[in-house]
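So you can see what is in the structure, the chains are spelled out below.
Number of protein chains: 2
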Amino acid sequence: MQIAILLFDRFTALDAVGPYQVLGRLPGAEVVFAAEQPGLIGDDAGRLHLSAEAAPADVPHPDIVVVPGGPGQADQMDDGPVHDWLRAADETTAWTTSVCTGSLILAAAGLLTGRRATSHWLARSELGQHGAVPVTERVVFDGKYVTAAGVSSGIDMALALAGRIAGDATAQAIQLGIEYDPHPPYDAGSPDRAPAEIVTRLKTHSRFILTGRV
Amino acid sequence: MQIAILLFDRFTALDAVGPYQVLGRLPGAEVVFAAEQPGLIGDDAGRLHLSAEAAPADVPHPDIVVVPGGPGQADQMDDGPVHDWLRAADETTAWTTSVCTGSLILAAAGLLTGRRATSHWLARSELGQHGAVPVTERVVFDGKYVTAAGVSSGIDMALALAGRIAGDATAQAIQLGIEYDPHPPYDAGSPDRAPAEIVTRLKTHSRFILTGRV
Numbered sequence: 001m002q003i004a005i006l007l008f009d010r011f012t013a014l015d016a017v018g019p020y021q022v023l024g025r026l027p028g029a030e031v032v033f034a035a036e037q038p039g040l041i042g043d044d045a046g047r048l049h050l051s052a053e054a055a056p057a058d059v060p061h062p063d064i065v066v067v068p069g070g071p072g073q074a075d076q077m078d079d080g081p082v083h084d085w086l087r088a089a090d091e092t093t094a095w096t097t098s099v100c101t102g103s104l105i106l107a108a109a110g111l112l113t114g115r116r117a118t119s120h121w122l123a124r125s126e127l128g129q130h131g132a133v134p135v136t137e138r139v140v141f142d143g144k145y146v147t148a149a150g151v152s153s154g155i156d157m158a159l160a161l162a163g164r165i166a167g168d169a170t171a172q173a174i175q176l177g178i179e180y181d182p183h184p185p186y187d188a189g190s191p192d193r194a195p196a197e198i199v200t201r202l203k204t205h206s207r208f209i210l211t212g213r214v
Numbered sequence: 001m002q003i004a005i006l007l008f009d010r011f012t013a014l015d016a017v018g019p020y021q022v023l024g025r026l027p028g029a030e031v032v033f034a035a036e037q038p039g040l041i042g043d044d045a046g047r048l049h050l051s052a053e054a055a056p057a058d059v060p061h062p063d064i065v066v067v068p069g070g071p072g073q074a075d076q077m078d079d080g081p082v083h084d085w086l087r088a089a090d091e092t093t094a095w096t097t098s099v100c101t102g103s104l105i106l107a108a109a110g111l112l113t114g115r116r117a118t119s120h121w122l123a124r125s126e127l128g129q130h131g132a133v134p135v136t137e138r139v140v141f142d143g144k145y146v147t148a149a150g151v152s153s154g155i156d157m158a159l160a161l162a163g164r165i166a167g168d169a170t171a172q173a174i175q176l177g178i179e180y181d182p183h184p185p186y187d188a189g190s191p192d193r194a195p196a197e198i199v200t201r202l203k204t205h206s207r208f209i210l211t212g213r214v
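Heads up: the sequence lines are chains P and Z, in that order.
The first sequence begins at 1 in our numbering and counts up one residue at a time.
The second sequence begins at 1 in our numbering and counts up one residue at a time.
Treat the hints loosely; a few may be bogus.
[As the list claims (entries may be wrong)] Interface residues of chain Z toward chain P, partial, derived using beta-carbon atoms under 8 Å: (1) Leu14; (2) Ala45; (3) Ala57; (4) Val59; (5) Ala196.
[What the hints assert, rightly or not] Ranges of calculated distance between the beta carbons of each label pair, as one might list FRET restraints: (6) Ala88(P) / Asp58(Z): 40 to 48 Å; (7) Gly39(P) / Pro60(Z): 40 to 48 Å; (8) Ala54(Z) / Ala55(P): 55 to 63 Å; (9) Ala196(P) / Glu30(Z): 25 to 33 Å; (10) Thr200(Z) / Asp75(P): 46 to 54 Å; (11) Arg207(P) / Gly28(Z): 16 to 24 Å.
Since the hints were derived computationally from the structure, they do not count as laboratory data.
Note that CB positions come from ideal geometry on N, CA and C, so glycine has one too.
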């Protein structure tokens, strides 16, 4: 089972590594990090560099595609080789997935038209501009299309997907292996429950948070 | 504020990237990935490679040290350059931290003697063999020493630490930015609540899970 994780300049590291840590532990998993220009790909802070050893052409028929988000998503919205690869790969994937603003890339490539999908809470409404149906949920399954909300939600998405692929017991074993028994010290991970002034602060800077640019 | 994250062959990716994603967003944070041999460092599955741009000697006085765990921890237990660096850096750190079996490395370097600490649930009892006091908690603060349980717990640890360093509002803004509102699809992340047969399965293979070797 080949899992292709797309990387691009200024991706958000946890968007990619969360699902990787879960899906990579599935029996028979073979993970490939792919980028339009293989090599070291820098994250949104420019301090973390992940190696992409494959070009999209090297992984024409992955079983699972994972598209992370991050400020660099804004540069992946135009039609071109990455969209071509996503569309071609999607013809034979078992699952086409995204984390955070990765869903905007999938939508821009035309893969979420008319489908229910989610994204980072600050970007979710943009899905509608690209033909998808925005849903305020942390993980959204619509057929083989699975989208997750912001950054850390990729872990939840991947565990749910692992259960669909390999059964509950295997997914639970992976969860116990990574000791995923989350106890955040604050209840501030959702705009519905974070302090109002924090929500306002992030909304005010949303363009910077989402694109790294003002 | 310099944050040095130690990498070594066969580290577990999320152990390093979870805290990175949180602590790297603190105001003034400068993250450096350091390894005894700088370059591309392969994770426990050998499929993910993170770039370590610094040698320990390049970061003699970090404000925060983060030591991840993973199967490669077993090769980091002997005294040598990594332990020398950890001890020297610890003399001036504000916080010396670990995720998963990274606490065993800190303990072997003599930094947790007599201190309360945690680790991956399968490895926690080993802390006692290295002079630490094992505690069954997800995140343990003992003075400036902060240890987290298995893999995913580094996110909780880093958010708690972010709160101590920059205040609750900044930590909450980081949490909301990464939409850390966890909803695992199963309640299997702790040996206290996972199905008994899953716990038994992992215990049976614990040596393999922890070291990658049988």
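Each hint tested on the structure:
Because the closest C-beta pair between Leu14(Z) and chain P is about 4 Å apart, less than 8 Å, the hint holds. The beta carbon of Ala45(Z) is positioned within 8 Å of a beta carbon in chain P (closest approach about 5 Å), and the interface hint is therefore held. The beta carbon of Ala57(Z) comes no nearer than 19 Å to any beta carbon in chain P, farther than 8 Å, and the hint placing it at the interface is violated. The closest approach between the C-beta of Val59(Z) and any C-beta of chain P is roughly 13 Å, which is over the 8 Å cut-off, so the hint fails.
Using the Cβ-Cβ criterion of 8 Å, the hint placing Ala196(Z) at the interface with chain P is not satisfied: the shortest such distance is roughly 11 Å. A hinted range of 40 to 48 Å holds for the C-beta pair Ala88(P) and Asp58(Z), which are about 43 Å apart. Under the hint 40 to 48 Å, the C-beta atoms of Gly39(P) and Pro60(Z), about 30 Å apart, miss the expected range. At roughly 29 Å, the beta-carbon separation of Ala54(Z) and Ala55(P) lies outside the given 55 to 63 Å, and the hint is violated.
A beta carbon spacing of about 31 Å between Ala196(P) and Glu30(Z) agrees with the range 25 to 33 Å that was offered as a hint. Thr200(Z) and Asp75(P) have their C-beta atoms about 48 Å apart, which keeps the hinted 46 to 54 Å range intact. Taking 16 to 24 Å as the suggested C-beta distance range, the pair Arg207(P) and Gly28(Z) conforms, at roughly 22 Å.
Checked against the numbered hints given earlier, this structure breaks hints 3, 4, 5, 7 and 8; the rest are met.
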